[in-house]
Structures are given as C-alpha cells and as structure tokens.
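Colleague: Starting from the known structure of chain A, arrange chain B on it as the hints suggest.
2 protein chains.
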Amino acid sequence: MLMKTNSEVSDINQSPVARQVSFDKYEQKGKYMSIRIGIYGYGNLGRGVECAIRQNDDMELVAVFTRRDPQTVKILTDGVKVYHVDDAKNMTDKIDVMILCGGSATDLPVQTPELAKLYNVVDSFDTHAKIPEHFENVDKSAKASGKVGIISVGWDPGMFSLNRLYANCILVDGKDYTFWGKGVSQGHSDAIRRVEGVINGKQYTVPVPEALEAVRAGKNPELTTRQKHTRECFVVAEDGADKAKIEKTIKNMPNYFSDYDTTVNFISEEELEKNHSGIPHGGFVIRSGKTGANLENNHIIEYSLKLDSNPEFTASVIVAYARAAYRLNNEGQIGAKTVFDIAPAYLSAKSGEELRKSLL
Amino acid sequence: MLMKTNSEVSDINQSPVARQVSFDKYEQKGKYMSIRIGIYGYGNLGRGVECAIRQNDDMELVAVFTRRDPQTVKILTDGVKVYHVDDAKNMTDKIDVMILCGGSATDLPVQTPELAKLYNVVDSFDTHAKIPEHFENVDKSAKASGKVGIISVGWDPGMFSLNRLYANCILVDGKDYTFWGKGVSQGHSDAIRRVEGVINGKQYTVPVPEALEAVRAGKNPELTTRQKHTRECFVVAEDGADKAKIEKTIKNMPNYFSDYDTTVNFISEEELEKNHSGIPHGGFVIRSGKTGANLENNHIIEYSLKLDSNPEFTASVIVAYARAAYRLNNEGQIGAKTVFDIAPAYLSAKSGEELRKSLL
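Chains as they are written, first to last, in this note's numbering: chain A, 7 to 366; chain B, 7 to 366.
By construction, these hints were calculated from the structure, which means they are not laboratory data.
Careful, some of the hints might be misleading.
A pair counts as met if it fits within one copy or between any two copies, since identical chains are not told apart.
What the hints assert, rightly or not - With a straight-line Cα cutoff of 30 Å, these simulated BS3-like cross-link-like pairs (lysine-lysine) come out:
id, residue 1, residue 2
1, Lys146, Lys123
2, Lys234, Lys188
3, Lys188, Lys296
4, Lys363, Lys136
5, Lys80, Lys251
6, Lys225, Lys188
7, Lys123, Lys363
8, Lys363, Lys146
9, Lys280, Lys225
10, Lys251, Lys280
11, Lys123, Lys100
12, Lys100, Lys87
13, Lys296, Lys80
14, Lys181, Lys363
One chain only, chain A, in its complex shape (with noise of 0.2 Å):
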C-alpha cells in the first residue's frame, strides 16, 4: 500500500470543512501524515494491535499505556514510548485513536467510557448481554466530548454481526446459526486450570461436523447445545494425580462442560507447550433462507473465519475500524457506533473511486 496524504485519505463522504480540519492539523511540509494511535493495555490484544498498525501505512503508533511499571514493559515498536496509564490524560493533542485493549469483564466498562471523554475510542466490548448499556455510557461520554466511540469491534461481536445482519436483511423467512471454532476458548481452558491435581491445561471448542453439514444442505435443523459444538481438553496433571478424578469433574463442571460431549487428553507439559501454545480460533455463521412466490427456492449464505491467532486477527479488525473513527469524527460525527453503523468504505485507506474501480 502506498503511503497516502491526509487529504487523499480522509475522501470519501467528507465535506469540504471536514477535510480542512483534518488537513490542518497535519500537514507537514514534504512529509505524509498518519493516523496517531495509542494502545490503551499492553496484553496480547494490544500486542496486535501493535503488530496491525505496522501493516498499515497511513496509521502510525504514538504511545503505549500500561497499569504496569512502564520501565518494565518492552514493545517491539522501536522509538515509541510505553506510559502509564495516568498519564493518557494529557495526550490529547499527540494521539487521533485510543484503542482500548482490556478486557470486557471489569476494564472496558470502566475504561471505554471515561476515554471516550478525551479521544476517540475502539474497544472490542464481547458481552454481549451487556452491549446495550455499555453503548449508552459510551455514548454519553463521546457525545459530550465531541468524540466517537466504536464499541464491539472484532469478529464475535464484529465481524459475524456485520453477516448475521447483511443475511437476516436479504434472507427475511431464515434460520441463524453461529458455530464456533475449532479453537481456543480462554474461560474453558481457565476453568481446567483450577481443578484439584491440575498444573495446566488448554481447551478446544470444536464444532460438529454433521451438524455443521446438515445446516449447509438447508436442513434447518433444531440443534441442542450437545448437537452444536464437542469439547477437547488437553491437560497436564501433576505427578500421582488421580486422572480419573480429574476427568470426571472436568465433564460434569456446570455451564463450561456438562453440557457438551468433552474428551479429556492428557499429556506433558512439554507437549502442550509444543503442540498447544497458539491462540486460533475461528468460527461459521450460517443463514438459510427461503424465497418465491410460494417460498420454493433455499438459500444458504455462509461466512466463515479460520484463523491462526484469535488476539491478532480481533486486533486486525479493531485497527481498520480506528481509521473509520478519526474520519467520521472529522466529518463531525459523534457518539457510539457499532459497525452496524459503518459504511465499509471508512475502513479502507482507498478513495471512494479507487475501490469502485479495484473491488466492486
């Protein structure tokens, strides 16, 4: 991708006051402008996101905020500074998007909202029971800052929302289906971790294959928990431990494996770390649909993701929609989005014309 200036990139549906704003406040004279990120928690997500921005040319990192002593975290941007937290009060002036990499139990609830007051934010929110509210208090804080906030970016939610709504829009009389997987799921492998006799230990949702074959050939099948998805454990149990035992309260722990088919695997630390140690994930949403004068025709549209690392590919997701941020809030949007509310060219760094050109 070649290297863009700010006015190039900021073309698409942007008045002619929009593009001034941005335009001022970046060019340099002979020197292309970036988008000025910083990365708001430095675990694997934000070491994504990291990786993200250097894939994309008109994005530039600026600062890295850590709860951790900054000294003691290393980056592999080089030239780029780690701060703590604190200090993202007064960066204001240094960086367009915050990207927001905690987690979703007690980070973003707090943190999205109160960085939405100074920046534009993109978080990756996966509650989903707990969108609606926490859209609301994004959404205040950004609108009383003249901000955007872009909350749920990802691909579960994300990506598999954005074809969940394009099918059910086209396929009205249809069925959704979500499969996850085959992949790591982080609060299962948890879960194992704290069996009695357990040193360490890593889990895999995988779907069913008939059942996934079944929905392909427009079916429309009722399908439990059971019939939807296995579970594969690979643990790690400490010297003399009783396996059984283990096994067993590993298949009847409630809500995480009782109600699955769960195989239990057990194995060396050696062998976890070399057979075990990537973080993929992936997943199917499916919809089938019906259409005719009397419904006669099936319709099956499928969107699938297979993915080597879960936090980079989130993280990949999560970058393309910043840039979406600092342009819509250089045509003066504000408040909470979703990427429900997105028009798909504010992800690209291409002109309206260019893709017109190279991908319609």
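Modeller: Chain B only, in chain A's frame:
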C-alpha cells in the same frame, strides 16, 4: 416481522428534520405506512423483486412498468397495476423507490440515469469495467434531482464486493480469490444455443475443488483460468446433427470455453426441462492473509453463497437496499452510492437498539 410505523422504521441515524419529512408524507390516522416500490422491467429479476417485497412488511408494491403491452403482462400481486414504461414519469408522488430490473448491456446504462432524475433508484448493474462511468452518470442525475441512486446491487457486484472490501481492510497483507458456481451462466448458455445444430443448452460454471482446497489451506496458489473453474454443458442437438462437430465447436469457442476444461453432455429436451430448468448459482470469496510481528500467522476469511435462484436472491439484496435508499434520502442524502457507501443498519427495518440487542 411486525409492521412498523414510519417513525420506528426511520429511527436509526436520522435527524429530527428528516423524520418529520417522512412522517408528514405517509402517516394516515390509524394506518401503518409502507415504503412504496415501483418495478421497472418485469423479467426474472422483476418477478424476484415482486416476491421479495411480499416478504418485507414495511414495503408495498405500487406499480410495475413494462415495455410490452401492459395488457399482456400478468403479475403475481393482486390489485397492483401494470403500466407502460412511458407512464413512469407521471408517478413521482406515488413511488418512493424505483427498482430497475433491466439488463446491464443496454438497458441500465440509459434507464438508471434517466429514472434517477425522478426517483430514488436501485439497480444491479454488473458490467464491472463500466461501473465508474455508470456511477458518474447516475450521480449527476441523482444530485440534480435530489434523489439517491444505489448501483450495482446484488451478489457480484454486491455481497461479494462487500466481502472483498471488508477482508482487504482487515488482512492488509493477503491475496483474494473469487470462485463462481456451481451455477448457470446465462451468457455461456446463450453461446451454446448459437452453435449450428443446437436446439437448446445450459451451461454450469463449476469451481475446481482442488483449487478451492488449496486456497482454504492458506497455500496462496497462483491459479490460471483453467485451474479455477470447469464448464459443464448440457446440449439438446437437432435430430441427425453432427454431435462431434458441435462438441468441438463449443470446446474451442474463444473467450467462452477455449480457456477451460469443458465437458459437453448431449441430452433430450425432456431431460433438460426436468433436470436443468432452474437458475441456481453461488460462489466463494476467500481472502488469505498474514499478521504478526513477522507475518507468521495465517488467516482465512471465506464468504460463500449457495443459491437455488440467482434472480430471486439478487432481488432480495436489491429490496434491502431499496429500504436504505428510501431512508438515506429521507435524511437528506443525495447522489450515487454503492454497497460500500451504506452503513449496514440502513438495510434493516429494525431500530439500532433492536439490532444491537439481537444481532451484535
């Protein structure tokens, strides 16, 4: 789907002023409103649009326009009148969105810019190379009339384009693949029927399974035309025709067949009617791309369609975008748009709140 009042339908992203406009225009005491649709051209696609409108409770078919004698055209919807195309100019107060169902070769390049002078329009213009020119023509008309014109809606261009765009924005370093089929190619079927000694024929475009698998496996193969698709022909020959000659003529036809591995099957008219009268289609859009500090992780994004009826599915996409055209114009937006320019929420009759709750 429940019927919606106009204010509910128009809830998302709409200014109070815009909402007032649509409210004034339609509200009748105690009666629900609909988006009033006209169909311009009544072939396979027009009939598909008619069926799709019946599946969307917030829409109403108001009129069908034809170049034929209207008396000779029988439609499926009771109480809706068929008019000659010349009457289209007189119904601007009765139709909110005109859906153009003509062909891309000669109809749409003229009709869409013409009708955009009077109506919000949606078309399925699919001559990829001429999209920039068509966009400009429709943009000019629609800006002058203060209407919205959404062009190139369907599945390719359309849903496939959207998936190419999203996938390109997420996986910056990657490779795109589009496979078509298994499905009927009208152009290739027509070409078969022009061969001497052929009474009737149908051609299926079929993706090569090995090519698809190599792409899905992240092997990023360089594929020739021949390696991506095969062509299967079902041909009804005249009595006593030289079948060997017909087969050779088809297989060597430049542009259509000579670059492909083509099979020719001779069958009876009855068999053609019985087994090959449908218009199925579909295909696959796949992007394979890399992320990580050293681009060490691979990801596959795949979108696929399996359609019993190509025109009915295309029509279903178009009808969802007709809703968007109506709502965008109610907000005061004008000019040409493509699927790239339209936020997904505009396609749905549900409010932003409902969408976040149910589909995000």
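Colleague: A separate judgement is required for each hint: does it hold in the structure or not?
Modeller: Here is what the structure says about each hint:
1. Taking the shortest Cα distances, Lys146 and Lys123 sit within 30 Å of each other inside one copy (9 Å), while across copies they are farther apart (41 Å).
2. Taking identical chains as interchangeable, the C-alpha atoms of Lys234 and Lys188 lie at most 30 Å apart whether they share a chain (12 Å) or sit on different chains (27 Å).
3. Both within a single protomer and between protomers do Lys188 and Lys296 lie at most 30 Å apart by alpha-carbon distance, with minima of 29 Å and 19 Å respectively.
4. Taking the closest pair of Cα atoms, Lys363 and Lys136 come within 30 Å of each other only across two copies (9 Å); inside a single copy the shortest separation is 40 Å, beyond that limit.
5. In this assembly of identical chains, Lys80 and Lys251 lie within 30 Å of each other by CA distance neither inside one copy nor across copies; the values are 42 Å within and 72 Å between.
6. Taking the closest pair of Cα atoms, Lys225 and Lys188 come within 30 Å of each other both inside a single copy (23 Å) and across two copies (19 Å).
7. In this homomeric assembly, Lys123 and Lys363 come within 30 Å of each other (Cα to Cα) only across copies, at 25 Å, whereas the closest approach inside a single copy is 39 Å.
8. Within a single copy, Lys363 and Lys146 get their C-alpha atoms only as close as 39 Å, which misses the 30 Å cut-off; across copies the closest is 18 Å, which meets it.
9. For the homomeric pair Lys280 and Lys225, the shortest alpha-carbon distance between copies (23 Å) is at most 30 Å, but the shortest distance inside one copy (40 Å) is not.
10. For the homomeric pair Lys251 and Lys280, the shortest alpha-carbon distance inside one copy (26 Å) is at most 30 Å, but the shortest distance between copies (61 Å) is not.
11. Taking the shortest alpha-carbon separations for Lys123 and Lys100, only the intra-copy value of 15 Å comes in at or below 30 Å, while the best inter-copy value is 46 Å.
12. In the homo-oligomer, the alpha carbons of Lys100 and Lys87 lie at most 30 Å apart inside one protomer (13 Å), although the nearest pairing across protomers, at 62 Å, exceeds that limit.
13. With identical chains, the CA atoms of Lys296 and Lys80 are at most 30 Å apart between copies only, with a shortest distance of 23 Å across copies and 54 Å within one.
14. For a Cα distance limit of 30 Å, the shortest separation of Lys181 from Lys363 across copies, 17 Å, qualifies, whereas the shortest one inside one copy, 35 Å, does not.
The structure shown violates just one earlier hint, number 5.
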